[in-house]
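Taken in order, these protein sequences are the chains called A and B.
For the record, in the first sequence the residue sitting at position 224 is 223 according to numbering that gives the first Met the number 0, with numbers rising by one throughout.
For the record, in the second sequence the residue sitting at position 34 is 33 according to numbering that gives the first Met the number 0, with numbers rising by one throughout.
Just so you know, not all the hints are guaranteed correct.
[What the hints assert, rightly or not] Computed Cβ-Cβ distance ranges for the label pairs, DEER-style: (1) A/K127 - B/E686: 38 to 46 Å; (2) A/Q116 - B/L650: 29 to 37 Å; (3) B/T596 - A/E164: 42 to 50 Å; (4) B/Q607 - A/R102: 38 to 46 Å; (5) B/R573 - A/N166: 36 to 44 Å; (6) A/Y59 - B/T603: 54 to 62 Å; (7) B/N490 - A/K127: 30 to 38 Å; (8) B/S543 - A/E158: 31 to 39 Å; (9) B/R528 - A/Q160: 35 to 43 Å; (10) A/R102 - B/E713: 44 to 52 Å.
[To be verified] Capping the alpha-carbon separation at 27 Å, the derived lysine-lysine pairs in DSSO-like fashion look like this: (11) A/K127 - B/K990; (12) A/K33 - A/K190; (13) A/K53 - B/K510; (14) B/K586 - B/K575; (15) B/K510 - A/K33; (16) A/K33 - B/K525.
If you're looking for bench data, these hints aren't it; they were derived computationally from the structure.
Glycine residues also receive a C-beta, built at the ideal position from the N, C-alpha and C atoms.
Each chain, written out:
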Amino acid sequence: MEHTEPHSTEPEMANRQGAAQRPNGAQGKICQFKLVLLGESAVGKSSLVLRFVKGQFHEYQESTIGAAFLTQTVCLDDTTVKFEIWDTAGQERYHSLAPMYYRGAQAAIVVYDITNQDTFGRAKTWVKELQRQASPTIVIALAGNKQDLANKRMVEYEEAQTYAEENGLLFMETSAKTALNVNDIFLAIAKKLPKYDQNQGQSGQGQGRRLAEGDQGAKTPGNCCK
Amino acid sequence: MSTDCEEDDADSLFDINLKINDSEFDIPSVATPSLESILSDMESEDGSIDNASLNSFQSTDMKLHSVLSHCILQGITSQITSARERVGAGWATVIANRLKFIAVGTSHGFILNFDAEQNLCWCYHDSGTDDQGAISALAFNLDSTRLLAGYERSYIVMIDVTNGNVLRRLPDAHAPQSSVLHLRFTFKNNLALCGDSRGCVFSLTFHRRLGVRSWNSRCLFSGATGEVCVFEPLVHDYDTNFLSQNVLVAMATMSKVIVISVYPQVKCLYSRPLPRVSTSLPLLCWQLIPMTKMRQPVLTWGRGSEINFTRLIIHGTKNIKLVALKTIQLSYSFIAMEWLSMQHLALIDSRENLHLIDVRSEKELETVELENVELVYSSAHFKALAIGGGVSEAFSLAGEKACYNSLSSRGDQLFLLGTQAVHLIKLRSWSERLMYLSERGRWADALSLAAEEGNNREKIATLLLQRYLVNVDVVDKESLIAAVNCCVKLNQVDVLCNELWDAVSNDFFMKELYYSLLTDYIVNSKLSRLTPFITQSLVAHLESKRDVQILENVLLMLELDCLDLHQALNICRRHKLYNAWIHLTTKTIGDYASPLTEFLSELTPFNQRLGNTMLVYVSSCLAGLGYPNGNIPKECIKKVKFDVLRCLETLHSINYKENEKTYPYLRALLKFNIRECLNVIELAFTEVEFSGEMGLLQRNRLVKILMEIVTPPEFSECEEINLACFICRLVTSDRINLEDNLLGINFEKLMQSTSGPINLRDQMEREQSWLDLIISNRLKNISSDDMIKRALESKCFRVAEYLYNLDKNYCRIVECYLNDMIRKNEVFDYIVKYIDVNERCIRDQFSSHFSEIITIDHRKTVEIVVEYFPELIPQFCDTLEGDDNLRFQFLDGLINCDVKLPSNISEIYLDLLCVYQKEKVKEFVEQRLCTVKSALEITQKYDLHEATAILLEQDGEWFEALELYLDHGFVDRALNLCIRGTEHLDSDEAKKLWIFLLEHEKNNKSISLRQLLHSTAPYIHSSQLLDFIFNVNFCDIKTSLLEIYTDYLIDTYLNTINLKLLGEDIQQSLAKAIAKNRRGISFMNSCDLCHGTLSSRNGESTIIATWGCGHCFHRSCSVCPNLEELMCPLCKKKTSDSSHLHLNRKIEPSASVKANIRPDLEGHF
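Okay, chain A solo, but in the shape it has when bound (with noise of 0.2 Å):
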């Protein structure tokens, strides 16, 4: 993974002040994106993003209360992604909380489980809740869970796959417990995010921190990298 510097664009005042600019090269541009995970309870939400941030996978992983909030930072080319990740609990007493975290979101991974049926069903009610109240720029990917137990499978992935299209989602079968896709989601989500400099005031940041502190993030499939 490159570490870029972390103060890409020098303030204005340093400049003036003919403070040496430092020799970050010139790729140190950071987007910082908040996503949210929604979907029916025990899914795999939190096993994907528990995946994910740290390339871990436990089989009893405990139920979300509310909602947990997760970092993790990419790499894209010439571009830093950092995603903020607010993992909510499927749970349906706390249905009435998604909507803190979804407003302003920048991207959604709707998740459902393969090997239910009614979970897909409610993949989509979510869908079509962020169309109508999210953020209409929202990159909305659709994540079927649990391919590992693709034996058991309920929904096809063609069924899937048409819906995404129809409503045009990403779309993409994952195993949190393999590995399979979950990295590639992610990734496939921040290329498809708006790269500009989104957020001027928030430059500067280095992003080692985050890293050291995620260390399996590190140890990724170098595919953030390429």
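On the provided structure of chain A, position chain B as indicated by the hints.
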């Protein structure tokens, strides 16, 4: 002068200027961009003077040392140096500035004029004025077109500033043989003022007639009446209309400050004495100061260490007043004073330190040492050395440190003329200060300064922050504190959470500090939003710190959408942060029933914190209020109330198990604290949801549920009674209506007798409810007797009393009181209240329950006995037999009430007293209430010797008493006894007493001999006393002996005098007697006995006896044979002996007195 002015020609240059005054002269006296640009080059990019930002100085407590900047004007300095070196211009002596120009005068009569870029415009030197010496004063006119230059040797020239040509020469404008010290133009361009070393002030008027320039001078103030040290005309752009018509000048002489009007007429407006400091000169300054809305001219004047501010108030053009504003006392003595901007005074003290003072707050903001400036002093001019003096001594002494012409201010800048260079002191604006501090790496100061400003400075402050973060590799503590403060003040959450975090995250200690700072700001509700990432780490950090209370506060204060709920709620569960948990769940999910369901398993009577939290939570939910703070959104209130109530009324919990009891939530709350829980419900009953028809049904339903839940054995009798009371309250106030059978059950519960103890509060409530029921007539189906029985059984004595009262069955009421644990003490009130009501038979009840009553409060009992039943005292005393303590307290109370007890009771008391309060026995015995004999027996029984002795004394057994005292070492008492004995006994007995004492003491010596002698002396004769004293220290008796000796001397002396007096008396009486005897005696010629004539008519001789008393008779008539021994039979007086007897009588008493006098030694010891 004024007439001259009017005659001015239209084409006179200055007249033209005068005419365009209003429009053209309206130039601010501060700052034009051109000069600023120099400063900007030297200082910063931000040239505009920002007076508003200077406000921040007022709030700055710390001395940042960033307010003043100091630099050398190189351009000017090098020109002066080269002029000195190349053309021999000499040293700089004077500096003046106005608008675009700065002029410097030198010691050899050169004037150098510089423009704003420090370029030399021209250099003037008139060889004709060579002999005039140094330039001693310079003055520009207001629009800087003319320059007046005064010389040391009294010459004055006027120069055209644009080209340096001389326009006028004024060789003799003022007093000859004096140096020009001051020159000032007034607001009128054709009027200038000149002050010289004689202390005189002249007005200089300039004219131009037919192209010929002329001038006129007039003496305004003569030095003869007081030397003017300095003057300053008011030229500030205040009110041009006023200023063009009035010329005001402030002057300071050696002793006072005066303000005069020079034009239109000369008039003194103001005069105040100056502090008398002979070594320093007075100082004057005008400045416009913003007051309310307008800027008002203020005269600053002072001397030594005192500064005064006087405000000029003008109404119209005529009415001019000066009002004193304030006085500042400084700790140093200053020699120069100039304004820097409108709020700051620059003062140079006598040690050449420049102090910057904020006028409003009177605080010193900064001190700059000017030692290296080498300030130019013009004391030589003040002493007029060049023209041979002629200056008064006071003037030259004061002028020792004169530097009026070495300073020149403009706006917020101050030019200082040093011997080597021209210096510039400048106030920094806010942004300049930030720049200055940040360049020096004083980030903490810079950031604190940045945080102070709130209005429209966020951008600069943000830039500063970023620059800070870029430039600082290792964050230090102070700057981090300042940076966090700055971020919070400017609401820069992004900077705070991203850049600043990056800066601290690698340093453990800084991270700790960062977290604690954040926590402080959050807890003090100055910060409510962080990025989710920082929130997450902060929460994790606080959890690791184990300070859960702070963690809870933080969770309560932070915005919900920046919290990682999963993390936060888990932590809350783990650490039992109930409040935070409830806050987060209810506010985010809006699930108000979940706190009840969530903590059901933990809600035990032992978990006080949770129990109370739950009760308050339920209560506030039912009242439609948010918990732990805030409000429930209006549209949700109804739902919340419904949810919570439904939850309470839920028959089974979600995780229903076989053994679960019904209504688990309500049951848990009731089990936790039934009373508070019922209170919550009662409170809730006042809400809208519980009112009306539907509300009644709701209430009934809830009460039935409660009755269903609260049953033994799970709930104790007390708890049942609690519920019963609660229901009774509702019933009596008609808030529920229950079926009769339920009511009956409830009443039964209320009236049941308890097996265990019941706490007082419950008991009281129960009685109250019961009474309420009786009063509201709801228990009419139970007979009175039955009820009394039940009331007594269940110990509801208040109810019983009430019923007895109803039945007029008074004789058991006192008993009710006595049995009632709560109202025992009220029995006295009851007794006192009804003591006179016979039918209440208080007396009988009192007597029969006396021992119980006295146990409650013996004091009150005694009071009642003394007041109402004194005759029953013996009876009561007998009643108490066997309980000595009570008996004693009772009797003691009586004694204290001064009741005279009969002797037998007194003896009982004495006996008890001996047991309980031995120290009071003596006192009591002295009252002689008991018979002596029995009392003696008692005291002897208890070996109370003192008391026994007192009793013996009372019985007249003095010696026994004395013996007792002495045996037990009460020597003092023994002494007193002896003294008393002397009074009561005859002298022999008394003497025996004393001797007994002395004898005893001889062996024991428990009292010092001196003391003993002292006490004994008045009663026993010295000689006897001395018998007892042997083998003693001489010292002990020395005084005694001395006194005896002195007494002896006195007695001897008295005796001598007595004898002398007696001798005289005898002599006198003798003389009297002799005189008497020599008296003639006349008598009648008849015998007083026989009444016959004495003379013998018949010639026979008769012997006649004659006495001194004048009686005479025949010798023969008197029967006595011996005439000499006879008295006059009539007077029966022994005439011859009478005088003798008389004398003897006189002597005797004196002798007896003498014999009786005992040496009164009392006073001598």
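If any of the earlier hints don't hold here, list their numbers in rising order.
The structure breaks hints 6, 8 and 11; every other hint is satisfied.
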